[in-house]
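A.B. asks: Sequence:
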Amino acid sequence: MDIRTFISAGIFGRGIRFGMEVLIVGYWGEEFVQMLEEPLFWIVVGVFSVVLFVPLNHWWNDLDRPVDEHPQ
Numbered sequence: 001m002d003i004r005t006f007i008s009a010g011i012f013g014r015g016i017r018f019g020m021e022v023l024i025v026g027y028w029g030e031e032f033v034q035m036l037e038e039p040l041f042w043i044v045v046g047v048f049s050v051v052l053f054v055p056l057n058h059w060w061n062d063l064d065r066p067v068d069e070h071p072q
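Numbering-wise (the working numbering), the sequence shown opens with residue 1 and increments by one.
One should not assume that every hint holds.
[As the list claims (entries may be wrong)] Restraint-style ranges between C-beta atoms, simulated for each label pair: (1) Trp28 to Pro66: 43 to 49 Å; (2) Ile24 to Met1: 27 to 33 Å; (3) Arg65 to Trp28: 40 to 46 Å; (4) Glu37 to Pro66: 44 to 50 Å; (5) Arg14 to Pro55: 34 to 40 Å; (6) Val54 to Asp2: 34 to 40 Å; (7) Leu40 to Asp64: 33 to 39 Å; (8) Met20 to Val44: 16 to 22 Å; (9) Trp28 to Phe53: 22 to 28 Å; (10) Met35 to Asn57: 25 to 31 Å; (11) Glu38 to Pro66: 45 to 51 Å; (12) Asn57 to Ile24: 22 to 28 Å; (13) Met20 to Phe53: 15 to 21 Å.
It should be emphasised that the hints constitute simulated quantities derived from the structure, not laboratory data.
Glycine is no exception: its CB is placed at the ideal position from the N, C-alpha and C atoms.
My request is simple: use the sequences and hints to build the entire structure.
C.D. replies: See the structure below:
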């Protein structure tokens, strides 16, 4: 990979990651911090993550199969 592309992608990716944190904490602030301390929040996030992960994992693993093995 070209070094300029690598650096640009890194800056863009980190900008999104840390920028989202700044926006969330800046917009919701104390309410968001209190939500992080709530156990129900983590249960909901955990269930949502598993529900999202299962089909995405299946899709990701199917990308590696040869074209003739894909269901029609």
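A.B. asks: Against this structure, judge whether each hint is valid.
C.D. replies: Each hint tested on the structure:
{"no.": "1", "hint": "Trp28 to Pro66: 43 to 49 Å", "verdict": "47 Å, holds"}
{"no.": "2", "hint": "Ile24 to Met1: 27 to 33 Å", "verdict": "31 Å, holds"}
{"no.": "3", "hint": "Arg65 to Trp28: 40 to 46 Å", "verdict": "42 Å, holds"}
{"no.": "4", "hint": "Glu37 to Pro66: 44 to 50 Å", "verdict": "49 Å, holds"}
{"no.": "5", "hint": "Arg14 to Pro55: 34 to 40 Å", "verdict": "28 Å, violated"}
{"no.": "6", "hint": "Val54 to Asp2: 34 to 40 Å", "verdict": "36 Å, holds"}
{"no.": "7", "hint": "Leu40 to Asp64: 33 to 39 Å", "verdict": "37 Å, holds"}
{"no.": "8", "hint": "Met20 to Val44: 16 to 22 Å", "verdict": "19 Å, holds"}
{"no.": "9", "hint": "Trp28 to Phe53: 22 to 28 Å", "verdict": "25 Å, holds"}
{"no.": "10", "hint": "Met35 to Asn57: 25 to 31 Å", "verdict": "27 Å, holds"}
{"no.": "11", "hint": "Glu38 to Pro66: 45 to 51 Å", "verdict": "47 Å, holds"}
{"no.": "12", "hint": "Asn57 to Ile24: 22 to 28 Å", "verdict": "26 Å, holds"}
{"no.": "13", "hint": "Met20 to Phe53: 15 to 21 Å", "verdict": "20 Å, holds"}
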